[in-house]
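Residues per chain are reported as follows:
Number of protein chains: 4
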Amino acid sequence: MPQVSPDPDLPLQGWRLRLYTIIFEADTRAGRLFDMTLIAAILLSIAVVVADSVPALHERWRQQFTWAEWCFTALFTLEYLARLACTRRPLRYATSFFGVVDLLAMLPTYLALLFPGAHALIDVRVLRLLRVFRVFKLTSYLAEYRGLGRALQASARKIIVFITGVLMIVLVMGTLMYVVEGPANGFSTIPTSVYWAITTMTTVGFGDITPKTDLGRFIASVMMLLGWGTLAVPTGIVTAEMTSQRLSATPAPTTRTCHECLTEGHLPEALYCLHCGARLPHWHHEPRH
Amino acid sequence: MPQVSPDPDLPLQGWRLRLYTIIFEADTRAGRLFDMTLIAAILLSIAVVVADSVPALHERWRQQFTWAEWCFTALFTLEYLARLACTRRPLRYATSFFGVVDLLAMLPTYLALLFPGAHALIDVRVLRLLRVFRVFKLTSYLAEYRGLGRALQASARKIIVFITGVLMIVLVMGTLMYVVEGPANGFSTIPTSVYWAITTMTTVGFGDITPKTDLGRFIASVMMLLGWGTLAVPTGIVTAEMTSQRLSATPAPTTRTCHECLTEGHLPEALYCLHCGARLPHWHHEPRH
Amino acid sequence: MPQVSPDPDLPLQGWRLRLYTIIFEADTRAGRLFDMTLIAAILLSIAVVVADSVPALHERWRQQFTWAEWCFTALFTLEYLARLACTRRPLRYATSFFGVVDLLAMLPTYLALLFPGAHALIDVRVLRLLRVFRVFKLTSYLAEYRGLGRALQASARKIIVFITGVLMIVLVMGTLMYVVEGPANGFSTIPTSVYWAITTMTTVGFGDITPKTDLGRFIASVMMLLGWGTLAVPTGIVTAEMTSQRLSATPAPTTRTCHECLTEGHLPEALYCLHCGARLPHWHHEPRH
Amino acid sequence: MPQVSPDPDLPLQGWRLRLYTIIFEADTRAGRLFDMTLIAAILLSIAVVVADSVPALHERWRQQFTWAEWCFTALFTLEYLARLACTRRPLRYATSFFGVVDLLAMLPTYLALLFPGAHALIDVRVLRLLRVFRVFKLTSYLAEYRGLGRALQASARKIIVFITGVLMIVLVMGTLMYVVEGPANGFSTIPTSVYWAITTMTTVGFGDITPKTDLGRFIASVMMLLGWGTLAVPTGIVTAEMTSQRLSATPAPTTRTCHECLTEGHLPEALYCLHCGARLPHWHHEPRH
Numbered sequence: 001m002p003q004v005s006p007d008p009d010l011p012l013q014g015w016r017l018r019l020y021t022i023i024f025e026a027d028t029r030a031g032r033l034f035d036m037t038l039i040a041a042i043l044l045s046i047a048v049v050v051a052d053s054v055p056a057l058h059e060r061w062r063q064q065f066t067w068a069e070w071c072f073t074a075l076f077t078l079e080y081l082a083r084l085a086c087t088r089r090p091l092r093y094a095t096s097f098f099g100v101v102d103l104l105a106m107l108p109t110y111l112a113l114l115f116p117g118a119h120a121l122i123d124v125r126v127l128r129l130l131r132v133f134r135v136f137k138l139t140s141y142l143a144e145y146r147g148l149g150r151a152l153q154a155s156a157r158k159i160i161v162f163i164t165g166v167l168m169i170v171l172v173m174g175t176l177m178y179v180v181e182g183p184a185n186g187f188s189t190i191p192t193s194v195y196w197a198i199t200t201m202t203t204v205g206f207g208d209i210t211p212k213t214d215l216g217r218f219i220a221s222v223m224m225l226l227g228w229g230t231l232a233v234p235t236g237i238v239t240a241e242m243t244s245q246r247l248s249a250t251p252a253p254t255t256r257t258c259h260e261c262l263t264e265g266h267l268p269e270a271l272y273c274l275h276c277g278a279r280l281p282h283w284h285h286e287p288r289h
Numbered sequence: 001m002p003q004v005s006p007d008p009d010l011p012l013q014g015w016r017l018r019l020y021t022i023i024f025e026a027d028t029r030a031g032r033l034f035d036m037t038l039i040a041a042i043l044l045s046i047a048v049v050v051a052d053s054v055p056a057l058h059e060r061w062r063q064q065f066t067w068a069e070w071c072f073t074a075l076f077t078l079e080y081l082a083r084l085a086c087t088r089r090p091l092r093y094a095t096s097f098f099g100v101v102d103l104l105a106m107l108p109t110y111l112a113l114l115f116p117g118a119h120a121l122i123d124v125r126v127l128r129l130l131r132v133f134r135v136f137k138l139t140s141y142l143a144e145y146r147g148l149g150r151a152l153q154a155s156a157r158k159i160i161v162f163i164t165g166v167l168m169i170v171l172v173m174g175t176l177m178y179v180v181e182g183p184a185n186g187f188s189t190i191p192t193s194v195y196w197a198i199t200t201m202t203t204v205g206f207g208d209i210t211p212k213t214d215l216g217r218f219i220a221s222v223m224m225l226l227g228w229g230t231l232a233v234p235t236g237i238v239t240a241e242m243t244s245q246r247l248s249a250t251p252a253p254t255t256r257t258c259h260e261c262l263t264e265g266h267l268p269e270a271l272y273c274l275h276c277g278a279r280l281p282h283w284h285h286e287p288r289h
Numbered sequence: 001m002p003q004v005s006p007d008p009d010l011p012l013q014g015w016r017l018r019l020y021t022i023i024f025e026a027d028t029r030a031g032r033l034f035d036m037t038l039i040a041a042i043l044l045s046i047a048v049v050v051a052d053s054v055p056a057l058h059e060r061w062r063q064q065f066t067w068a069e070w071c072f073t074a075l076f077t078l079e080y081l082a083r084l085a086c087t088r089r090p091l092r093y094a095t096s097f098f099g100v101v102d103l104l105a106m107l108p109t110y111l112a113l114l115f116p117g118a119h120a121l122i123d124v125r126v127l128r129l130l131r132v133f134r135v136f137k138l139t140s141y142l143a144e145y146r147g148l149g150r151a152l153q154a155s156a157r158k159i160i161v162f163i164t165g166v167l168m169i170v171l172v173m174g175t176l177m178y179v180v181e182g183p184a185n186g187f188s189t190i191p192t193s194v195y196w197a198i199t200t201m202t203t204v205g206f207g208d209i210t211p212k213t214d215l216g217r218f219i220a221s222v223m224m225l226l227g228w229g230t231l232a233v234p235t236g237i238v239t240a241e242m243t244s245q246r247l248s249a250t251p252a253p254t255t256r257t258c259h260e261c262l263t264e265g266h267l268p269e270a271l272y273c274l275h276c277g278a279r280l281p282h283w284h285h286e287p288r289h
Numbered sequence: 001m002p003q004v005s006p007d008p009d010l011p012l013q014g015w016r017l018r019l020y021t022i023i024f025e026a027d028t029r030a031g032r033l034f035d036m037t038l039i040a041a042i043l044l045s046i047a048v049v050v051a052d053s054v055p056a057l058h059e060r061w062r063q064q065f066t067w068a069e070w071c072f073t074a075l076f077t078l079e080y081l082a083r084l085a086c087t088r089r090p091l092r093y094a095t096s097f098f099g100v101v102d103l104l105a106m107l108p109t110y111l112a113l114l115f116p117g118a119h120a121l122i123d124v125r126v127l128r129l130l131r132v133f134r135v136f137k138l139t140s141y142l143a144e145y146r147g148l149g150r151a152l153q154a155s156a157r158k159i160i161v162f163i164t165g166v167l168m169i170v171l172v173m174g175t176l177m178y179v180v181e182g183p184a185n186g187f188s189t190i191p192t193s194v195y196w197a198i199t200t201m202t203t204v205g206f207g208d209i210t211p212k213t214d215l216g217r218f219i220a221s222v223m224m225l226l227g228w229g230t231l232a233v234p235t236g237i238v239t240a241e242m243t244s245q246r247l248s249a250t251p252a253p254t255t256r257t258c259h260e261c262l263t264e265g266h267l268p269e270a271l272y273c274l275h276c277g278a279r280l281p282h283w284h285h286e287p288r289h
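Chains as they are written, first to last, in full-length UniProt numbering: chain E, 1 to 289; chain S, 1 to 289; chain V, 1 to 289; chain B, 1 to 289.
Read the hints as simulated data drawn from the structure, not as lab findings. We put the beta carbon where it would ideally sit given N, CA and C, even for glycine. A hint or two may mislead.
[To be verified] Examples of chain V residues lying across from chain E (beta carbon under 10 Å, computed):
1. Pro55
2. Cys71
3. Leu75
4. Thr77
5. Leu78
6. Glu79
7. Leu81
8. Gly207
9. Thr213
[To be verified] So the derived label-pair ranges between C-beta atoms look like this:
10. Leu81/E x Val54/B: 47 to 55 Å
11. Arg157/V x Trp15/S: 48 to 56 Å
12. Leu78/E x Arg157/V: 56 to 64 Å
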């Protein structure tokens with residue numbers, strides 16, 4: 001949570017310090033209580049939005065939902081004003097990520113208030129979406145997300161290269177299926193075919209569009225093996241590396257096979273079979289593989 | 001398996017010790033026999049429950065199934081009483097995980113007995129579910145599950161943070177699809193849309209709900225790449241690390257290309273092409289990438 | 001390929017040695033030619049079986065397919081007899097894995113010959129399946145499969161424990177869905193529900209059976225996150241370990257935030273903001289997280 | 001990007017050197033501007049092809065699309081000629097990967113020009129596919145793809161062995177389902193069944209073909225666990241290795257259980273329970289597992 005001060009050069013004083021300690025730091029008991037209350041409020045408000053989208057519940061508890069919405073909006077407004085009150089540069093806070101999220105947390109209700117016909121201008125579904133964005137206020141409570149953000153930044157180039165490669169493949173494969181299957185089989189445009197290619201390569205496989213021709217199914221099989229193999233091949237290689245390191249103490253047996261009992265895997269210098277004692281054939285050169 | 005003693009301060013004695021050794025320890029031949037019998041009984045009883053749910057088999061072997069159920073219940077009751085008999089604090093055992101599972105193993109049959117009209121009060125399907133819980137008795141026989149439990153506890157916070165992050169994403173993306181597609185296309189409520197978002201991000205892709213609009217399909221594509229990429233990107237990065245460590249002995253070639261044969265990958269200090277011997281152009285500054 | 005000798009105590013001699021060298025070793029030019037021919041024959045024979053199952057192709061090329069089948073059977077019979085001729089213990093070879101596969105390679109055609117009405121007794125589809133088993137003859141040509149077999153044996157217990165755990169989960173979850181959804185929604189029996197649970201947990205998601213009730217969809221969501229998470233969580237943890245090891249040189253910044261510019265991540269001992277130079281508030285105790 | 005010179009033994013001179021520097025090297029400002037322009041042109045041209053495949057957009061902006069196509073073709077032709085002008089061996093460049101891609105970038109438009117009825121001979125969809133291949137020109141701008149190519153070459157044999165193994169399994173399993181389910185349930189031919197087997201093992205699961213019989217569903221379950229397990233088992237094993245290495249400092253507790261409080265996990269030499277202080281039973285031999 002951002003820490004703010006009215007006087008940039010001096011630390012907080014007086015009631016501002018007390019307010020600041022409660023809102024922005026969680027070291028004191030009051031601070032932790034404030035945090036718990038806010039987290040509960042965020043979760044409850046999202047639950048209300050979700051429940052309100054179900055027609056049966058919307059019919060039954062419309063009044064309670066509206067009342068709850070007003071309570072949450074009041075609480076989030078107070079929190080927003082408190083933050084603004086403690087800073088000399090309110091604009092900086094208002095334009096930061098958390099500032100925008102906090103603003104969105106209050107906005108829908110006021111929109112509905114200031115513009116009575118808002119539900120005709122802005123779909124009530126969009127207002128619900130804006131309310132659901134409140135969930136991002138929770139990310140400030142978990143330090144792991146900051147670490148995750150840093151890790152993503154560090155690998156940003158690798159990720160972009162990977163995604164770009166995948167996009168190139170699905171673009172070309174999708175267009176190929178568009179050519180092979182055609183609009184008659186559901187592949188009506190290139191964007192649609194690319195959408196199908198993505199569902200196939202990411203192994204999601206909705207099934208709303210499926211190849212019907214033999215060549216199309218063959219190409220689809222290649223894509224599926226590609227998408228699944230991108231996960232399976234590296235995993236298998238890494239595991240093979242680790243396993244071979246552990247088994248490396250054991251000398252690798254050869255393909256030499258005993259004539260008698262057909263046991264394979266004798267050492268190159270062996271004269272007799274390790275399983276039945278029969279004499280092994282003379283070992284000519286390098287093994288087959 | 002829990003070990004219990006009537007006298008908390010003294011080790012077991014006499015017949016209690018012999019019974020204890022048979023039931024709770026598998027070091028003796030009788031103990032191992034007891035374990036084998038119990039495992040077989042658990043597996044058989046589950047097979048009976050599963051078979052009983054198939055109408056054709058239920059019709060044909062109703063009597064045999066009921067008789068088998070009684071046998072199993074008798075066996076599990078004896079086992080339960082034997083365990084209680086060896087402990088001074090039966091309540092502790094009865095409230096532990098295995099105590100509850102063992103109780104559930106006997107409960108359905110007695111419910112049906114004590115309340116003749118039970119099948120009208122409690123769906124026979126629920127009784128089948130209670131019987132199927134017996135399978136958890138098997139977990140005590142494999143030490144690996146204890147190790148798995150400890151490993152999960154050690155990583156509990158990381159797992160919770162990860163799951164919470166995924167839930168936030170599916171909540172927001174699901175609501176976004178609810179806005180974009182709307183009830184007309186199957187996304188009737190936010191919970192339904194979140195369910196769809198989970199099927200998409202976990203790459204399951206049932207296909208009972210699918211996006212129909214272009215924008216919806218675009219958002220779906222982003223989600224699919226996110227869900228599949230969460231598996232593919234770390235796997236690829238780890239494999240790339242391991243491969244680069246192995247190839248690090250080889251000096252990284254540059255993008256210098258021979259004018260003659262178009263061979264790429266010459267060392268910065270090279271004057272002549274490694275493939276055809278032609279003279280390479282003067283190397284100005286750093287390579288493009 | 002198994003190496004055999006008529007006299008267990010003496011190495012091969014004469015024509016047997018020459019035959020043995022051609023068939024079983026690939027060091028000589030004749031031996032490699034033999035291997036190439038056999039691999040080509042195996043692949044071609046499978047292609048014939050696959051093509052024969054397509055009604056259009058079956059109608060058009062029935063005669064050619066039958067003729068090809070006879071050629072392949074003749075070749076495989078010669079190979080089988082040659083192997084038997086070089087061994088004193090033909091029974092050992094005949095009961096080994098490759099012996100059985102080689103026998104199955106010839107069997108279907110002879111079945112059809114000896115029992116003219118065989119296609120009425122044994123479905124032609126089953127005969128096709130027997131022919132397709134020839135593909136396993138190819139595994140002897142790649143040493144990697146032996147290494148894979150050994151790796152699987154080494155991890156056998158871990159794999160069994162893992163699979164058993166997954167089976168327990170799908171059994172209980174499947175039965176739970178059977179209770180919640182019921183036969184009306186497609187979950188007609190416990191085996192069917194377990195089949196659905198497997199399609200969900202392995203993220204395949206056919207969509208032939210889908211949950212319709214809200215509680216059912218909730219349970220399905222839990223299963224999907226479980227099945228996908230089993231892949232994503234370990235991958236994420238391993239990658240996080242590797243990344244943190246690489247970033248560990250950098251001291252972990254704290255959540256201290258500048259009052260002025262809201263920049264986060266100052267070191268505990270910092271007095272001034274690293275971004276704008278403003279004086280930072282006094283750092284009380286441990287950070288929130 | 002390939003670097004070429006008219007005189008194989010001398011470096012570039014004069015206007016050729018200036019042209020070469022602009023086109024093929026990105027060290028100068030003009031060179032970078034050229035690269036940016038070309039990348040933008042490639043991306044825009046692909047966007048035009050994709051948009052042109054949507055009937056609504058094709059109707060509305062047919063003229064603009066055609067005009068854009070001519071501009072792009074002109075630009076790519078100029079680029080192609082410029083490259084040819086700087087090389088003494090134009091044939092080498094024309095037959096290299098980038099040479100072919102650059103040729104395909106111009107070809108569709110000229111085909112339509114030289115053969116007015118081309119759209120009757122060559123499906124306009126095929127022409128769109130050829131245009132989409134331009135995207136591969138982008139790969140020369142990212143050095144990572146070269147590294148990826150080298151890594152794939154290094155692991156080529158392992159990948160081939162893996163893919164071959166998967167193909168053998170889906171061939172046999174697919175044929176097995178063809179036998180069990182049969183054409184009545186959608187498994188009309190062996191190729192179709194193999195296509196289904198691939199969708200199942202790669203966990204895509206379209207759902208256009210699904211098993212209906214109990215035995216078929218059982219085999220499908222085995223395949224699903226195989227396909228998903230190929231990802232989950234190695235991941236789990238690697239994670240278990242890493243976790244056990246970190247926990248190895250802690251001595252492994254045994255399965256000894258206190259009689260009183262049922263706490264498990266005491267050290268072998270313990271005499272009293274670590275949780276409640278009760279005296280533990282005498283420890284006979286090795287633990288059960």
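Checked hints:
For Pro55/V, the interface hint is violated, since its Cβ never comes within 10 Å of a Cβ in chain E; the closest pair sits about 13 Å apart. Interface restraint check for Cys71/V: the shortest CB-CB distance to chain E comes to about 26 Å, outside 10 Å, so the restraint is violated. Against a cut-off of 10 Å between C-beta atoms, the interface hint on Leu75/V is violated, since the closest Cβ of chain E lies about 20 Å away. Checking Thr77/V against chain E: minimum C-beta separation of about 20 Å lies over 10 Å; hint violated.
A cut of 10 Å between beta carbons decides the hint on Leu78/V: the least distance to chain E is about 20 Å, and the hint is violated. Because the closest C-beta pair between Glu79/V and chain E is about 16 Å apart, greater than 10 Å, the hint is violated. Using the Cβ-Cβ criterion of 10 Å, the hint placing Leu81/V at the interface with chain E is not satisfied: the shortest such distance is roughly 17 Å. For Gly207/V, the shortest C-beta to C-beta distance to chain E is roughly 6 Å, which falls under 10 Å, so the interface hint holds.
Below 10 Å, beta-carbon pairs count as interface contacts, and Thr213/V has none with chain E, the closest being about 13 Å; its hint is therefore violated. Here the CB-CB span from Leu81/E to Val54/B is close to 49 Å, well matched to the stated 47 to 55 Å. Distance hint for Arg157/V and Trp15/S: a CB-CB separation of about 36 Å, inconsistent with the stated range 48 to 56 Å. Between Leu78/E and Arg157/V the beta carbon distance is about 59 Å. The supplied range of 56 to 64 Å therefore holds.
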